[in-house]
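Taken in order, these protein sequences are the chains called X and R. For the first sequence, the numbering used here puts the final residue at 142, and the numbers step up evenly by one. For the second sequence, the numbering used here puts the final residue at 114, and the numbers step up evenly by one.
Everything labelled a hint here was simulated from the structure, so no lab data went into it. All values reported here derive from a predicted model rather than from experimental measurement.
Computed list of lysine to any residue pairs in SDA-like fashion (alpha-carbon distance at most 20 Å, straight line):
#1 X:K62 <-> R:A93
#2 X:K62 <-> R:E114
#3 X:K62 <-> R:F92
#4 X:K84 <-> R:D10
#5 X:K62 <-> R:S16
#6 X:K62 <-> R:T31
#7 R:K48 <-> R:Q64
#8 X:K62 <-> R:Q12
#9 X:K95 <-> X:A42
#10 X:K77 <-> R:T102
#11 R:K51 <-> X:Q134
#12 X:K62 <-> R:N54
#13 R:K48 <-> X:G63
#14 R:K51 <-> R:F92
#15 X:K62 <-> R:L113
#16 X:K84 <-> R:T102
#17 R:K51 <-> X:P60
#18 R:K48 <-> X:Q134
#19 X:K84 <-> X:G34
#20 X:K62 <-> R:A18
#21 R:K48 <-> X:V24
#22 X:K95 <-> X:G27
#23 R:K48 <-> R:P68
#24 R:K51 <-> X:Q58
#25 R:K48 <-> X:Q58
One letter stands for each residue in the lines below.
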Amino acid sequence: QGQLVESGGGVVQAGTSLRLSCAASGFSFSDYAIHWVRQAPGKGLEWVTMIWYDGINKDYADSVKGRFTISRDNSKNTLSLQMNNLRAEDTAVYYCAKDRGRRRLPQNAFDLWGQGTMVTVSS
Amino acid sequence: DIQMTQSPASLSASVGDRVIITCRAGQTISTYLYWYQQKPGKAPNLLIYAASFLQSGVPSRFSGSGAGTDFTLTISSLQPEDFATYYCQQSYTPPFTFGQGTRLE
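Okay, chain X solo, but in the shape it has when bound (with noise of 0.2 Å):
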């Protein structure tokens, strides 16, 4: 079934970076498009940003565009995400989300999540 183990996240003022990872394993990772979701206090699901199972194709959602970038390294089975010039507003628990689709046929829904790891952006 497989496991994604997200880490990097902490306490940070508005304006800095910090770069989150996603170690994934038990499933064939460079195989699948990787999702970035992430989840404000009490608050519901944002999609944030996704890569191809080959890191070429990426998306993003417009609020994080410019400032998010998405990488991965398929021999080390790694995802990261590096947030540049953080807001307030990017204070959330963010997932790291395998895609349920396989190669050239992303669906775009998520199958297996990480626990998360908490962003929180002090202003």
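Guided by the hints, dock chain R onto chain X, whose structure is given.
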């Protein structure tokens, strides 16, 4: 962006009840609709994919239906472990938006 609207926002029910949660998309999304269950402090869990197909390992009391703009999630006989928050999500086009959630209590 495609807006996803769930109703009700919260729902009070009892064990054994039949529960229906609805989700409406702001534009047609065919059957690119997914349902998740989230318990407090936990990550969401996929229940239903492509509007009406049960994800592996999910109990058969959960079912989904709909196409176009209107969708439903039905729990046929509520169990104690089903008290949670439920989200719909469209995968038709990015950004892949979620409904605001339905809290089942």
